[in-house]
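Read top to bottom, the protein sequences are chains A and B. Just so you know, we're using our numbering here: the first sequence kicks off at 25 and counts up by one. Just so you know, we're using our numbering here: the second sequence kicks off at 25 and counts up by one.
If you're looking for bench data, these hints aren't it; they were derived computationally from the structure. The reader is advised that the hints may include incorrect statements.
[Claimed, not checked] Only some residues are given here: those of chain B computed to face chain A with a beta carbon under 10 Å:
no., residue
1, G88
2, R92
3, F108
4, P110
5, R112
6, K116
7, L117
We treat Cβ as the ideally placed atom computed from N, Cα and C, and that holds for glycine.
Number of protein chains: 2
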Amino acid sequence: MNTPRAGANCEPLKRLIREVPDFPVKGVLFYDITTLLKDRLGFAMLIDALAEYYLPKKPHLVLGMEARGFIFGPALAYRLNAGFVPVRKPGKLPAPTARKEYELEYGKNTLEIHRDAIEPGQRVIIVDDLLSTGGTAAATVELAKSLGAKIAGLGFVVELDFLKGREKLGEYDVYSLLHYDH
Amino acid sequence: MNTPRAGANCEPLKRLIREVPDFPVKGVLFYDITTLLKDRLGFAMLIDALAEYYLPKKPHLVLGMEARGFIFGPALAYRLNAGFVPVRKPGKLPAPTARKEYELEYGKNTLEIHRDAIEPGQRVIIVDDLLSTGGTAAATVELAKSLGAKIAGLGFVVELDFLKGREKLGEYDVYSLLHYDH
Numbered sequence: 025m026n027t028p029r030a031g032a033n034c035e036p037l038k039r040l041i042r043e044v045p046d047f048p049v050k051g052v053l054f055y056d057i058t059t060l061l062k063d064r065l066g067f068a069m070l071i072d073a074l075a076e077y078y079l080p081k082k083p084h085l086v087l088g089m090e091a092r093g094f095i096f097g098p099a100l101a102y103r104l105n106a107g108f109v110p111v112r113k114p115g116k117l118p119a120p121t122a123r124k125e126y127e128l129e130y131g132k133n134t135l136e137i138h139r140d141a142i143e144p145g146q147r148v149i150i151v152d153d154l155l156s157t158g159g160t161a162a163a164t165v166e167l168a169k170s171l172g173a174k175i176a177g178l179g180f181v182v183e184l185d186f187l188k189g190r191e192k193l194g195e196y197d198v199y200s201l202l203h204y205d206h
Numbered sequence: 025m026n027t028p029r030a031g032a033n034c035e036p037l038k039r040l041i042r043e044v045p046d047f048p049v050k051g052v053l054f055y056d057i058t059t060l061l062k063d064r065l066g067f068a069m070l071i072d073a074l075a076e077y078y079l080p081k082k083p084h085l086v087l088g089m090e091a092r093g094f095i096f097g098p099a100l101a102y103r104l105n106a107g108f109v110p111v112r113k114p115g116k117l118p119a120p121t122a123r124k125e126y127e128l129e130y131g132k133n134t135l136e137i138h139r140d141a142i143e144p145g146q147r148v149i150i151v152d153d154l155l156s157t158g159g160t161a162a163a164t165v166e167l168a169k170s171l172g173a174k175i176a177g178l179g180f181v182v183e184l185d186f187l188k189g190r191e192k193l194g195e196y197d198v199y200s201l202l203h204y205d206h
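The following block holds chain A by itself, in its conformation from the complex (with noise of 0.2 Å):
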C-alpha cells in the first residue's frame, strides 16, 4: 500500500492551486492546476517529489494519458532517465494499437497504446494529473499489463479522496502529492 511520504513537504503547494466553482458542469468544484504550473519553484518541486518518490522504483518507462497526463510524465520521466509512452484517445496513434474501452459517470471512453510500447518486463509508473474514479488509471493499468508491463506504481499530482478512485487501484502502489476531501 501506499506510503505518503513527501505529501506533508508538498502541502503548501495547494496555495498554488485555483479552485474554480461550477467547472466544468454546476455544483463541480474544479482544481486548476496551471496556476501551479506556471509558477517554475511550484512546478520543479513537484516533479521533484514525484522523482524522489519513484527514483527507487528504477522504472524503465513512464506511461502518461492525454492530455494532462502528458504534462507531468515526460518531465518526470526526463528526471527519472526514463523513457515515455503517451496513451491516447483513439485513432491518434499512427502504428498498431492496443485498445480498453471503460465506463465513465456518464458514457464510455477508449484508451490506445502502441503495442510495441513496451517490452515485456519492463517496469512502469502511470502518470496523471488527478485521480477521481479511478476509471481512466484502471483502464491504464489493463492495457499496460496487456503489454507485459510491471506496473512499479502510479502517480497523481491530485487525489479527490472522496471519490474513492484508490479502491479501484487496490493492489497497486498509488502515490498522489494533493489530497483534498471535498
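Please arrange chain B on chain A, whose structure you already have, making use of the hints.
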C-alpha cells in the same frame, strides 16, 4: 533568424523516429515520435538539445499546445527552471481565456490561453512537436503577444521544411532539432 547550431548533433535521433505511410490519410508520410520518446537516451538528448539552445534566452515561461506540445514543453520548462503554460482546445481551461481562431488546410481551429497565464514583459518560448504549415504556432504567438509576452523563440522537434511554416513566423527565432525535406 535561426542559427541551427545543435541541429547536426541531433541527426542520429532520426533513426528513432518511425515513418508511417498513409497516416492520418492516404499519401501522407507520418513521422511518429513515440518510438523516440520511449527511448530514454533519445528523449533525454532531445530535451537537452532544446535546453542548450534556450538556456541563454532565460525564458520565464514555456508555452505548449495541446496535445503533443504538452509532451515536450513541460519537460523543457523543468530543465530550464521555467514555468509551463498550456495552450488548449476550446472549453478546457476553467478561468477566463483569450481565444484565437485560425485557418487549417481544411476548416478552422481555435486555441485558448488563460488571460492571467503571462505577466506583461515575461519572456516566453513556444514549443511543439511539429512545425508543418505554421498555423498553430502563429496563432499561439498572437495569443501570447495579446497578453504582453515577449516571444523569445519557437522550438520544434521536427520541421517539415517543404511546408514552409517558418515563413509564417518570419520575425521570430525558430529552432527545430530535425528537418525533413519530404
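Violated hints, by number in ascending order, as checked against the structure: none
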